[in-house]
Amino acid sequence: MRYAETGFSLEVDLTRGNIERVETDPEWTQLYLGGLGTNAKILWDRVPPEVDPLSPENLLVFGTGLLCGTPATGANRTIVSTFSPQTRLMAYSMMGGFWAPELKFAGYDRVIVRGRSPGLVYLWIHNDKVEIRDAGHLHGKGALETAERIREELKEPKAQVLAIGLAGENRVFYASIEHARSSASRGGIGAVMGSKGLKAIAVRGTKDINMARPAEFFQLCQQVLDYIPKRAQDPVKGVPPILAGIGSPQEMAIHDEKWHTTGFAWGHARRRRKDFWTPERAVEWKQTQDQAVERLISCYNCPMKCGGIVTHPELPTRKYMMKCYSKLTYVMAAMVDDLDFGFRIAGKAQEYGFDGYTTPQVMAFAIELYEAGILTDADMPGFPERNDERFFYLLDKIAHREGIGDVLAEGVYWAARKIGKGAEAYDHNTTKKHEQMPIKLGMLNPIFFLMYATGEKISITQIEGQIPQAPLPKDYREEFVKDWVHLPTGKEARFKKFILEWGDEDKRFPFWPPMDLVCELVDWMETMHYIDDCTGICAGLSSFPIKPPYHIHNLPLFLSHATGIDIDEETLWTISRRVRQLVRAVNVRRGLRRKDERPPQDHWKKRFPELEAQLLDQYYAFKGWNREGIPTRKSLENLKLDFVAEDLIRRGILTGGGGTPSEATATEAAHK
Amino acid sequence: MAEKKKKTVKVIKIDADKCNGCRACEAVCSAFHATPKYSSTNPARSRIRVVCEPLKNIYLPVYAGEYTPAECSGRDKYVIDGKQYSECDFCRASCPSRDLFKEPDSGLPLKCDMCEDDPDLEEPLCVQVCLSDALVYEEREEEVEEQESPEELEIGLEELAKKYGKQKILDAVSRIYGNREN
Ligand code: SF4
Ligand code: SF4
Ligand code: SF4
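For the record, the sequence lines run as chains A and B.
Numbering of the first sequence is given in our numbering, commencing with residue 1 and proceeding in unit increments.
Numbering of the second sequence is given in our numbering, commencing with residue 673 and proceeding in unit increments.
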């Protein structure tokens, strides 16, 4: 019997209309766990680097984390992996909600979609019965509306549905996949789903997921549940409210938006408004939010209630579900001070199936170009005066790929190059061709420098965590480190010392902390995220907040007791490293090199090119990568990734001797 | 025949307004009733079900009650606070009209047993995992007339046997009670 996982993948070929249930190799669980790890292995094995992301040959993998469907709190992530039309690299976005556990209960660990359907279809998975069904009548329908209609026509109110909206159907490069209160948004995976002619996947499962060591596993779950209310009583001090607790940022519950609205940049990631948050504004915004949010809701098996049901009279569904920061992204990018605008446009954008981070930035970029005269009324006939109306105008145009919307649908990087006339200069907030958080700060932060530069999850919130974002108040530091059980074995003293000293006279960025410590901290944060992406545990309970319920000491136990495979801290660390290395190799094979590893130029005012180069050198070495950021033969072989080393050597990306970069042979997949 | 007796009445107070739709209650209930205990999870086997209709803001935890051999003749509708519910949404019965509160494979009826265990749990598990306090456990002493109703039991068993066959019932009984004793 397989424990924690089902041991089966569902292979769907939409070109031929073929469906197969395929047993998976149990060794993969030991090597890659599941979720992202297995997805990366599948993409490495089956999608050659020349494959165009929007072609039928690209795979779209809906993976579940290894712990999804077990009683572990918050283990509910669906990890969607494919190649991004925007970055041309591996895209992996995750979503919470209910879909992944339901798929496990239906008897599958993942759905692997390939090919392209001649007409729009959806997939209906009901335990052993799997059908490809016509979705012609759902063409152009909103993502939530689609889910509702499918549940109705199947007469299965308990089916969990993920779907794309019009943006995905029209292959907008930042289209999301939406499900209930969650979405997998980054990297344009909705466009890939659209290119396959796949509108939705509905799933209903009524089978068991088995535990290897039930009593032990259940005890661990109890400990996590006991910790959550205790942690709520004990918020981290000296940090903004949004970072004091656990869960995804509690945007639906928290009213105090001083930190976001005064600390993050407005418009097209241009300027901070340090005096925005006034007492009057606080009252007004609270009123708006209380009126809009009807109930706080959770993902499967999690008490954190990070989402909200939001009332929206203009939508066919009358309501939608919101989570996290999309409450503010549109408001701030549009420079509209009214929170109600945020709730209205986010609802519409979700129905279209748009990424709530990238979309507002693209629209703000378009407004900048218009104001600079690069885009004119000829490009945008009837472009309104007011920014709120302009945002709705642009949203429609992009979703329909109509007029200028067709160009903007490819994101800031590609649009700037298509528009020309100096538009490139306005592409100031992308890394690896993808829009970043609208943050503009003063002094270079060496830790975040490395994360922005080298992170392949593209989104900083999917890499950061564990440590505060600024020094803690001096008189609180001792208390903070006292019960900090989360530190990896062997790093306790070093990481505690870092917190105790950080902010002191000569202990400030950018030349402090020492580079080896910077590397270790970055590596720790990233490792925890990679573990979550394999287990399916929500980052909000694990890798993202400070002092979360899950950490490097209890996660190995969770995995061991669930699967019956003995995994200790070191083994888990090694698996995470293997997955990290594999993801890097997948991207290297598609052309990723050192030159791509740059945070947005104006992310910090004070930059230190020499220091930054040294940081990259040191971190690459630490990760087992050569100067170009390519994993060395030795580091690959140490992680049982010999097959990767062989392939990279065969392609001339690594030399047979083991690791000298050969820049000339890099096969950058050019987008024309 | 009836005599007065002191009895502890176990009450779960359900505050549907506090429910966040996480279905932790369903997950844990199915795990608790697995054999061996906690060895599997499958919300479809749970003895509590949460009716979730986010787009109507309807969240309603319902416990599994008695098996019924026949469905109701009518299907009334309730409107509460402007939200429309079907009568069935509130119903605890394992009823032929729906797949709720039945073992997914055998179709045998499921019923909440308040997490009967030895030793007794401090609180039923669904209540323990509901950190939102949508489910709160209370105990109350009550004087009740103890009624023996063997006939009812027999009628029920016969109905079940008609529906599922004698062997299935015997299997279920030995599976459920066989485990209790070890
Ligand atoms: S912490 Fe929030 S986002 Fe994460 S699983 Fe729980 S409810 Fe979902
Ligand atoms: S555990 Fe509580 S909050 Fe969660 S679904 Fe059940 S009743 Fe609702
Ligand atoms: S009280 Fe126990 S048996 Fe009844 S629904 Fe809750 S967990 Fe299940």
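Any given hint might turn out to be false.
As the list claims (entries may be wrong) - Anything over 12 Å on all C-beta distances counts as not near chain B; from chain A, calculated: (1) G205; (2) R295; (3) D388.
As the list claims (entries may be wrong) - To give an idea of the chain A side of the interface with chain B (calculated C-beta under 7 Å), a few residues: (4) V293; (5) Y300; (6) M321.
Just so you know, these hints were derived from the structure itself, not from any lab.
From a predicted model like this one, the values you see are computed outputs, not experimental measurements.
We put the CB at the ideal spot given by N, CA and C, even for glycine.
No chain B beta carbon within 12 Å of A:D388's: Check passes; 25 Å lies beyond 12 Å.
Minimum beta-carbon distance criterion (7 Å), A:Y300 to chain B: With Cβ-Cβ at 6 Å, under 7 Å, it holds.
A:R295 clear of chain B by more than 12 Å, beta carbon to beta carbon? 6 Å, violated
Hint check: 7 Å Cβ-Cβ cutoff, A:M321 to chain B: 6 Å, holds
Minimum Cβ-Cβ distance from A:G205 to chain B exceeds 12 Å: 8 Å, violated
Just to be careful: measuring from the Cβ of A:V293 to every Cβ in chain B, is the smallest value less than 7 Å? Violated, about 11 Å.
In this structure, the earlier hints numbered 1, 2, 4 are contradicted, and the remaining ones agree with it.
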